[in-house]
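Can you make the complete structure from the sequences, with help from the hints?
In order, the protein sequence lines correspond to chains A, B, C and D.
For the first sequence, the tail end lands on 346 under the working numbering, and the numbers increase by one without skipping.
For the second sequence, the tail end lands on 346 under the working numbering, and the numbers increase by one without skipping.
For the third sequence, the tail end lands on 346 under the working numbering, and the numbers increase by one without skipping.
For the fourth sequence, the tail end lands on 346 under the working numbering, and the numbers increase by one without skipping.
Please note that the accuracy of each hint is not assured.
Stated by the list, open to error - The calculated DSSO-like cross-link candidates involving lysine-lysine, where the alpha carbons are at most 30 Å apart (straight line), are:
1. B:K68 <-> D:K68
2. D:K185 <-> C:K240
3. B:K68 <-> A:K185
4. D:K68 <-> D:K185
5. A:K123 <-> A:K182
6. A:K123 <-> A:K240
7. D:K240 <-> D:K251
8. D:K240 <-> C:K182
9. A:K240 <-> A:K251
10. A:K182 <-> B:K182
11. A:K185 <-> B:K251
12. B:K251 <-> B:K68
13. C:K185 <-> D:K240
14. C:K68 <-> A:K68
15. C:K251 <-> C:K240
16. C:K251 <-> D:K185
17. C:K240 <-> D:K182
18. B:K240 <-> B:K251
19. B:K240 <-> A:K240
20. B:K240 <-> A:K251
21. D:K251 <-> C:K185
22. B:K185 <-> A:K240
Rather than coming from a laboratory, the hints here were simulated on the basis of the structure.
There are 4 protein chains.
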Amino acid sequence: MSSTFGTLFRVTTFGESHCRAVGCVVDGCPPRIPLGEEDIQGQLSRRRPGRTSLSTPRNEEDLVSILSGTEGGLSLGTPITLMVHNKDQRPGDYEDMASVPRPSHADFTYQEKYGIRAASGGGRSSARETIGRVAAGAIAEKILREWWGVEIVAWVSSVGTIDSPDADMQSISREEVDANSIRCPDRESAERMIALVEGLKEAKDSTGGVITCVCRNVPAGFGEPVFDRLEALLGRAMLSIPSAKGFEAGSGFGGSRMKGSEHNDPFIRKAAPDGSFRLGTLTNNSGGIQGGISNGEHIFFRTAFKPPATIGAAQETAGFSGETVLLEAQGRHDPCVVPRAVPIVESMAALVLLDLALIQEYRKR
Amino acid sequence: MSSTFGTLFRVTTFGESHCRAVGCVVDGCPPRIPLGEEDIQGQLSRRRPGRTSLSTPRNEEDLVSILSGTEGGLSLGTPITLMVHNKDQRPGDYEDMASVPRPSHADFTYQEKYGIRAASGGGRSSARETIGRVAAGAIAEKILREWWGVEIVAWVSSVGTIDSPDADMQSISREEVDANSIRCPDRESAERMIALVEGLKEAKDSTGGVITCVCRNVPAGFGEPVFDRLEALLGRAMLSIPSAKGFEAGSGFGGSRMKGSEHNDPFIRKAAPDGSFRLGTLTNNSGGIQGGISNGEHIFFRTAFKPPATIGAAQETAGFSGETVLLEAQGRHDPCVVPRAVPIVESMAALVLLDLALIQEYRKR
Amino acid sequence: MSSTFGTLFRVTTFGESHCRAVGCVVDGCPPRIPLGEEDIQGQLSRRRPGRTSLSTPRNEEDLVSILSGTEGGLSLGTPITLMVHNKDQRPGDYEDMASVPRPSHADFTYQEKYGIRAASGGGRSSARETIGRVAAGAIAEKILREWWGVEIVAWVSSVGTIDSPDADMQSISREEVDANSIRCPDRESAERMIALVEGLKEAKDSTGGVITCVCRNVPAGFGEPVFDRLEALLGRAMLSIPSAKGFEAGSGFGGSRMKGSEHNDPFIRKAAPDGSFRLGTLTNNSGGIQGGISNGEHIFFRTAFKPPATIGAAQETAGFSGETVLLEAQGRHDPCVVPRAVPIVESMAALVLLDLALIQEYRKR
Amino acid sequence: MSSTFGTLFRVTTFGESHCRAVGCVVDGCPPRIPLGEEDIQGQLSRRRPGRTSLSTPRNEEDLVSILSGTEGGLSLGTPITLMVHNKDQRPGDYEDMASVPRPSHADFTYQEKYGIRAASGGGRSSARETIGRVAAGAIAEKILREWWGVEIVAWVSSVGTIDSPDADMQSISREEVDANSIRCPDRESAERMIALVEGLKEAKDSTGGVITCVCRNVPAGFGEPVFDRLEALLGRAMLSIPSAKGFEAGSGFGGSRMKGSEHNDPFIRKAAPDGSFRLGTLTNNSGGIQGGISNGEHIFFRTAFKPPATIGAAQETAGFSGETVLLEAQGRHDPCVVPRAVPIVESMAALVLLDLALIQEYRKR
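If you want it as structure tokens, here you go:
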């Protein structure tokens, strides 16, 4: 198991779906950052099941506690422990799975790797593991915002075969994203996506989707070639989210089909924040990253999520002993996880960017 | 700069395009592995420019030396240093670039990050940096092959807009891949790809492409959730290769468009190597990875490369001082790097898999 | 702040003296280890203030909870979170220290480093930080004992200028160590030490001391030259304990005064556990470590602790503003911490040895 | 094997005594540092056998080459590779050792750990491994000196049972240290030490010794509690040097015998470099480190080295097969290594301090 992420801003997450608590320890947080539970709760609530709309009244559950690392509302520079209690349950819904691994789920591989697995299935592969990431990401995001003005916004850009038109990277906001339950800022697409998901829920089936994320105001110079190139770390971060199977930065797979003369982003004079000029680019096929290092333009990337493996529809498969069985998962299962994954994507982006920012700082001398 | 990769099998690469030497130090290599320069030279020669065909006579250049870590043809368990001399040159071809950063190249970002850059441009962003990776990967591959029977084969599956039909994951071999200079095993596609690249060379332009890679015989149990999930580490490894901009494992972006009932890979009885049965899957949309852990099926993934940034065709862009210039890169530049990236992809896959294999070993007790 | 220890068996501690909770996350624990709070509580209780004698009745406080990582009494291979609640107090005793840093305490350096510090003084430099280490160490020790038969016993070998005669490394047990409150197994020395400490308590003064530790049944082969030599990692571990200022393995400083002909440990035939012979050494000036690697003999080492900095006796010193003050620390302060540090030394030794054991395992193939 | 040291300034050493080359890769060096072979050669020459006096004429051997990472005399921010060729020899002197492990040497433990070892004995346990450390340390020292004014001076403070009087920490210089071949700045002690070593050479025996090191002008704030406390990292660094068996910072073992009222270092007003006042300490029992963090006073520590294991005098011991043998090591062996270890101690101190300095920098914001 590898549950720690980062070099200077290091996050260690803990917890599976049915233990006492989930959360994380954040080590290496700069001191004297104003920090309270309220800075963290917002993103946590956005990742909760069934809480995708801004209109939702105040959220009573998945409440985070800061166990250590702050005093008088300021970070001390010491490890910050963030904890959310699990409602401890051992639901009968999982009983079947003791003998039958769910197709495309982590049941089989956890059993093969560890020789044991949590009764509820994959355990750490549960979506509850991501609570720790989102809590830590909220801290990272706050520092990025206050120190460099960084803004991170992610949204659902496709669900199943429904693609939404490109959003405006410059202006898109979390308010727009949260304006509907599928978290797609294009209203017309959102309505079709919602209809698709409702139909799949009825059919006890599921669907995948794609999340796009933009990071604005990232200074040039973040990213550590060669093995910690910015694409490499963002890719690792996104592909570590449950169900993620694809990642592309900037033009990505589409860019591989272009000519250099079309794909290259010419340099032009742009206005710097202080009124002087800076070198920017006319186009942004690079997605704000060249040579593995941020170039001062918007960083953007897309992450593909496969459809959730646990479905109520009957599947013919084999049990651990090799016998053929017809599996119908009991209980309520989410037919589409991408709306909830939006704050997870934002959080992982923040963890990557802040760690690289702190590493870059020492070269400022 | 972050030039070290791995936890137990750790590779540190060094060198830029015009310093004295490039190479790597491999720390943590198991002892008593039979190892000589001849085990490494083959893959190194495959990554050389203009050496893409098996019919090429014996390769005289980029010769690797083992400086430390072996004795009597066996690894000692101590750091293995692999070195390839550079022909030290400071070509006049790069003079223009002192004042004009190449669009979409690393010139600008290296300058922003470090306040200095190698005269030849990006320095560490040069393709020569990958020599160290390929040399280390050859060692990793040898151990994977001898201890677990792992076979890793990569090939060019698209160039520009030319897609080749799917290869047979079960049987494809390096011999088939190397049968033509573009390294696409489908002969008809290969011919069209070669024609495309030759046309672009004429036009002083360039193109991107996609490499597919399969890893056969990987045992179930490799991969360390949560942050070192197998997709996450493979993705990081591939996205750390110069010009890589996209990665997908198994069904990838396409899988995000499917329903769970279509995408799930049902379990079936399969024959284990020892004659008993093992649980395998009927389909392989998971690409051999479930819950971030190998499941015993073929692991496969695709990596997208953007077109090379350095082109001879004229580009209007801005110099470091902001003045508009018309840039025409001098010298010979490769219009398509994906054929040469094939052994780099294989090498990075080997580095990921061996490191995870060694980490998993301690759980065998 | 650097709160994570280990490569494969990784411990992250958290918490300062007056936050909500202290504890740790253990990542990389092998799966299927029988593990409950009762496996951890024993060592935790041994490190509590005023609980140094075995005759003490059942300990009601510093109760540890396992928040994650086990199910049905077995480890899952996932992160194990161990937590002990703090009685949240902000005692007036610390008020003086807001303006006057205690001489030789962490008040001044934390303030210089972080620009902030916990109201109670050093915060993470508090002895309560060691709760996480001891809890994690108890798990490590259990695995070492069950898999390799390793036994770790530490004891107080000197207090102030009172040195006790050498203990018998082969036979000494925790029962003997805990037979008196100073944890020195030589009864006569123990009585003198206790008298010394009681006198210092009266005088509102403090004293340092030395702890010796032996690790029995450690197989040959643990330790990773060059930077993770066994002495180097044990030294780092011990010197990371609050107040530790010196470390020596085997003959240590005394060995530097010897001739090679006296110091060398000749090899002799010894009986192996399986009845065959193994190569052992006649003497053990090496302390069970040669070339940074365990040699199969008893590993032993000594750690020196300075006297506690916080004393009630008046000290002339300067406040943060530079003014001369007469400081008399209020409250009850421990005049001698070495008895309580005994389980901390044992725990840190276990963390080092288990991590090196797991790293060595992959070479077994 | 663990051959990499550091978090941001990372050094990977390579090479054993009889391979082609030894050296290191320095990753994470800040860019734009003026750097040439001449910055490194001086310390390398100080560590050579038989080159302990400043009066020695120009040193022709162990010449270092910079293979990568600099251009035009400046560091690029990329990995710096430093290499020294070995004179490749396989001397017959080592033949005996194939069947008989030298007492207290690494022969036995390397064989046990790796199942193989270099023909010349321990291989990586050879003193030649330290060339890479000293070369890297010279770079670290240059940056520490130029950016913070840090001065690091080590010297031999005892040889065998001959102790020299305390040196003046404030003024001692490398010139004084190198004024005699034993590197003890007290002339009278030096003469007795030299006589002792010459006698042992005659007797084919060896002796240990102690090195003291002072680091001046280290700013307050370096050191990362809890596991990377400054004592812990310095201790690890020193105990990773071949033959080191003991380490103490500040008052060390002696401090454990003192009362708190004697040991505490009272704060006083001192003049800051800019003319204002800073808080300093009257005494320095803490050795410049409190709570694991530098406090602005001189950092000092002592490292104990055991006598070299390889001696010419006859030793009764057992061979690998268990047979009793009389071993007399052939060839010339150094009866006392501490004078040569002086620059190694300085180098390891520089590696620790620069890495902690760079980590601390990001908190400056």
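Going down the list of hints, with the structure as the test:
Pair hint B:K68 plus D:K68 holds up; C-alpha atoms about 24 Å apart against a cutoff of 30 Å. With a C-alpha separation of about 10 Å, the suggested pair D:K185 and C:K240 falls inside the 30 Å cut-off, and the hint holds. Our distance criterion of 30 Å between C-alpha atoms is broken by B:K68 and A:K185, whose separation comes to about 64 Å. For the hint pairing D:K68 with D:K185, the CA-to-CA distance comes to about 26 Å; that is within 30 Å, so the pair holds.
About 36 Å separates the Cα atoms of A:K123 and A:K182, which puts this hinted pair outside 30 Å; it is violated. The suggested pairing of A:K123 with A:K240 is violated, with an alpha-carbon distance near 39 Å, which exceeds 30 Å. For the proposed pair D:K240 and D:K251, the alpha carbon gap of about 25 Å is at most 30 Å, so the pair holds. Restraint check: the Cα-Cα separation between D:K240 and C:K182 comes to about 11 Å, which is no more than 30 Å; the hinted pair holds.
In summary, the hint linking A:K240 to A:K251 is supported, as the alpha carbons are separated by about 25 Å, within the 30 Å threshold. Among the hinted pairs, A:K182 with B:K182 is inconsistent with the structure: their alpha-carbon atoms are about 53 Å apart, more than 30 Å. Proximity of A:K185 to B:K251 is assessed by CA-CA distance (about 29 Å); at most 30 Å being required, the pair is judged to hold. Proposed proximity of B:K251 and B:K68 is contradicted: the alpha carbons are some 53 Å apart, above 30 Å.
For the hint linking C:K185 to D:K240, the alpha-carbon distance of about 10 Å falls within 30 Å, and the restraint holds. Taking the CA atoms of C:K68 and A:K68, the gap is near 25 Å; set against the 30 Å cutoff, the hint holds. Simply put, C:K251 and C:K240 have alpha-carbon atoms about 25 Å apart, close enough for the 30 Å limit, and the pair holds. Distance hint between C:K251 and D:K185 is fulfilled; the C-alpha atoms sit about 29 Å from each other, no more than 30 Å.
For a cut-off of 30 Å, the pair hint linking C:K240 to D:K182 stands: about 11 Å separates their Cα positions. A hinted pair counts as satisfied when its Cα atoms are at most 30 Å apart, and B:K240 with B:K251 qualifies at roughly 25 Å. Annotation: proposed proximity of B:K240 to A:K240 is violated, straight-line Cα distance about 34 Å (limit 30 Å). The straight-line distance between the Cα atoms of B:K240 and A:K251 is roughly 45 Å, outside the 30 Å bound, and the hint therefore fails.
Our distance criterion of 30 Å between C-alpha atoms is met by D:K251 and C:K185, whose separation comes to about 29 Å. Between the alpha carbons of B:K185 and A:K240 the distance comes to roughly 11 Å, so the proposed pair stays at or under 30 Å and holds.
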